[in-house]
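Those protein sequences? They're chains Y and C, same order as listed.
To convert, note that position 253 of the first sequence is 253 in the numbering used here; the numbers rise steadily by one, no gaps.
To convert, note that position 21 of the second sequence is 1021 in the numbering used here; the numbers rise steadily by one, no gaps.
Don't take each hint at face value.
Capping the alpha-carbon separation at 30 Å, the derived lysine-lysine pairs in DSSO-like fashion look like this [unchecked claim]:
1. Lys-22(Y) x Lys-1258(C)
2. Lys-1258(C) x Lys-1325(C)
3. Lys-1025(C) x Lys-22(Y)
4. Lys-1352(C) x Lys-1325(C)
5. Lys-1352(C) x Lys-1258(C)
6. Lys-127(Y) x Lys-1258(C)
7. Lys-1258(C) x Lys-366(Y)
In silico contact screen, one side only, chain C against chain Y (beta carbon under 10 Å); selected entries [unchecked claim]:
8. Thr-1040
9. Thr-1047
10. Phe-1208
11. Phe-1211
12. Val-1257
13. Pro-1290
14. Glu-1329
It is worth saying that the hints were derived from the structure and are not from the lab.
Even glycine gets a Cβ: it sits at the ideal position worked out from N, Cα and C.
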Amino acid sequence: MTTLSDPPHADGFRLSLLVRDKRYRSYTFQAIALIALFVFFGWLASNAIRNPVLQQAGIDFGFLADPAGYDINQQPIPYTSQSSHLRASFIGAINTLIVAFLACVTATVFGVFAGVLRLSNNWIVGKLMALYVEMFRNIPVLIWILIIFTISANVLPQPSAFRGDDPEASPILGVAALTNRGFYLPRPYFTNGIGAVPDDVPADGGAPVAQEVASIANWLIVLAVFAASFLAVRGVNAWATKRQNATGRRPSTFWTNLGLWFVPIILTLLILGLRWEVPELRGFNFQGGILARNSLIALWFALSIYTGAFIAENVRAGILAISRGQTEAAAALGLRPGRVMSLVVLPQALRIIIPPLISQYLNITKNTSLAIAVGYMDLTGTLGGITLNQTGRALECVLLLMAFYLVFSLVISAVMNAYNASVALKER
Amino acid sequence: MSDTHAESVAFVRESVIPPAPPPAKEAGAIRWMRENLFATWFNAILTLVALYLIWVLLSGVVPWIVNGTWQGSSLAECREILQGNGGGCFAVLRERWPQLLFGFQYPDYLRWRPVLAFFLLFVAVPPALFVMFLPRWTLIVTAIYPFLAYWLIWGGTILTPLFAALGVVAGYLAFSFTERRGFVLGLAAGVVTALAVWWIGGLLAGEFSRFLRLEAVVSRAMGGFMLNLVLGIVCVSLSLPIGILLALGRQSSLPVVKGFCVVFIEFVRGVPLITLLFVANVVLAFFLPPDANFDLILRVIIMITLFASAYIAEVIRGGLAALPKGQYEAADSLGLDYAQAMRLIILPQALKISIPGIVNVAVGLFKDTTLVSVISMFDLVGMIRGPILASTAWAGIYWELWAAACLMFFVVCYGISQYSQWLERQLQTDHR
């Protein structure tokens, strides 16, 4: 049998080819899709143009420069009610990032613990962790946030309970007080740093802007020292690997690394003159220190424990995906259990764990918008809440709000995907 | 074997000795405990910590439930009955149960309708869930259910849901008659027919609005757990087809279609649901015709459906990507066109792979329906935070209400996830 293929079309273009010929059909479809899209968005736009409210107000972002006129209870940068809406939104964005960062860290800790423990040989611990995971995964995070907020607002003692000679409650280790207004924690500050603050800090805490900047500069110095330690430790490890490849014997690096981690940072803190400002009970309330309000605590703890349950499942799946043969092969090579974990199992498991972990971090960031339910002033609370209600600029506020979350999500996922590509299997 | 040793062996046992019982320490409960609870020192410590934790939990929860009371009509009365014995005041659940379920605006004397709809759910859903055990005609019950449930919950003339159903049936018939002349043509015919029937039906329902009429309930009156269930079920069902289309669009080779789908999916996945609910609450009205009557619940359904369909699209895209390339090529080599290949070869397999992911999205979405309480709709969470905790009789009672809410969500979500695991095992056709 012979096969005949269609002879190539010698004739020119006919209109019916737009539907029948595969080469042209795609253009027809795309043209139709494009027209449909234009019609749909045109319809939306024409509705918006004819809308009486929008006609009257127009679209104008000028309101961002107006004084906000409301107070924000957690101010990472100075703010008064006379500051602009833009500054209020900016503070909201910083507050979003603060709680998102804190929750990501603790959720990872919870998740790794629960995931590893659920795989343990210990029957009762495994069941307990399964209970934790199922309970938190199957109940809405909003309910958890509200429950933990209720606990922190109703179960913890009032500041006045810490008063008197024989108080009902006492601060933990004498430095941190858990009250129903929030957690009062000691605040670190530097006595010899740039823009040093004298030892007795004014109680009202109205620090001028210049000092705020100086304080941040001090912390940047600490961070830089930390980064230098990290690089040095990496250098030492690389040197050890090189020696191992050359001589077959790995030099001991434990004490060197320990010293590199701790000695520089302790020296820096001593030179800068680190002091702790401990919260003290004055009158009816604690003064000084850092106040982590119970809205922050509730949001932070609920998000971490809820997302931790999801991360636990990711971690468990990642570890289970490494076949037993890998562990056995590593043991057969004579590696000790610790090294089997760090050199063979973990690098492979991480490759599986990291992509879902990224999306959990993004979920945390998006879920911080539930702050509005407990009155934590994040971006949704300031820009999407009070500013929106005060100015009535719904369209502009919601657009800005979405743009912030969108940009943040896209940036994080781009960074994390780059990291993921660097640890992914190098295929040829 | 050589027989050189045959003479040197003095004794050979010719019967098997029955195995001796293991030592007492290596058998039964003791062995189990040694292996599973106290294998190493570290394990023993973990066990003790876990036991302590369980003790703390139980010593708090058990007296609270056992000593609790279901009597009383306010917190003060409850406390009097309890006499400070640490029990829970479950009377709030007894007294406010209808509110928790239906919200505070749904008329009392009409509550039998959502209740009936809820119980009919257990008749309508099994044919879809257990397709492999029940005869196929029972699926008709599932198909009728959405229209019936709409009629029961919202009321009004029966013509509205009747013509909605008729439109779907007519559209399907038109599609199946014209399909052999081309999938696109069939689709167009189906859509046009359905729209025509709906238009006629809308006119008729407006004309004969008293025909077989149940008392109408406005959408604003929906509340409580019913609102969560309605939003969850409606949005998941609507977002499945949209999600499939978006996933196919994202895989498409047509740049315009693909570009639109990518932008839509990434945009929706990049913003929190709350901002979309804000859009439904305050922005969407700008973009709809000023005279159109889109109430809040409908706008919320639109936004949640869009939200869910982006996530479902990503799940299905994963399923499509997981299929071996050979399946696509095999479909092409059989001479199937795009629509046939997708419908007959690709999607059945891809959807099967995506079931766990789809269920995850569905459970997540059902949990996220609680977010509507933020835009002042009174779902279960909204009811607890608003009318109940603000009432003078029950202000200051938390645990009982939150525990009830947790239990209701847990039962539904855990049930769904167990079902999906069962379904996955049922559909496992590859032999391992």
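Hint consistency between Lys-1352(C) and Lys-1258(C) [alpha-carbon to alpha-carbon, up to 30 Å]: holds (24 Å)
Hinted pair Lys-1025(C) and Lys-22(Y), Cα distance within 30 Å: Not OK: Lys-1025(C) and Lys-22(Y) at ~76 Å, beyond 30 Å, violated.
Are Thr-1040(C) and chain Y close enough, Cβ to Cβ, to be under 10 Å, as the hint says? Given a least distance of 9 Å, the restraint on Thr-1040(C) holds.
Does Thr-1047(C) pass the interface check with chain Y, least Cβ-Cβ distance below 10 Å? holds (6 Å)
Does the interface hint hold: is Phe-1211(C) within less than 10 Å of chain Y, judged Cβ to Cβ? It is violated, given that the least Cβ distance between Phe-1211(C) and chain Y is near 33 Å, above 10 Å.
Measuring from the C-beta of Val-1257(C) to each C-beta in chain Y, is the shortest one below 10 Å? Where the cut-off is 10 Å and the nearest Cβ of chain Y is about 5 Å from Val-1257(C), the hint holds.
Restraint satisfaction for Phe-1208(C) [CB to CB of chain Y, less than 10 Å]: violated (31 Å)
Given hint Pro-1290(C) near chain Y, where the shortest CB pair must fall under 10 Å: holds (6 Å)
For the pair supplied as a hint, Lys-1258(C) and Lys-366(Y), confirm whether the alpha-carbon distance does not exceed 30 Å. Holds, because 26 Å separates the two Cα atoms, which is no more than 30 Å.
Taking 30 Å as the top limit, are the C-alpha atoms of Lys-127(Y) and Lys-1258(C) close enough? violated (46 Å)
Under the criterion that the straight-line Cα-Cα distance not exceed 30 Å, is the pair Lys-1352(C), Lys-1325(C) satisfied? holds (17 Å)
With a cut-off of 10 Å, does the beta carbon of Glu-1329(C) approach a beta carbon of chain Y closely enough for the hint to hold? violated (16 Å)
Comparing the model with each numbered hint stated earlier shows that hints 3, 6, 10, 11, 14 do not hold.
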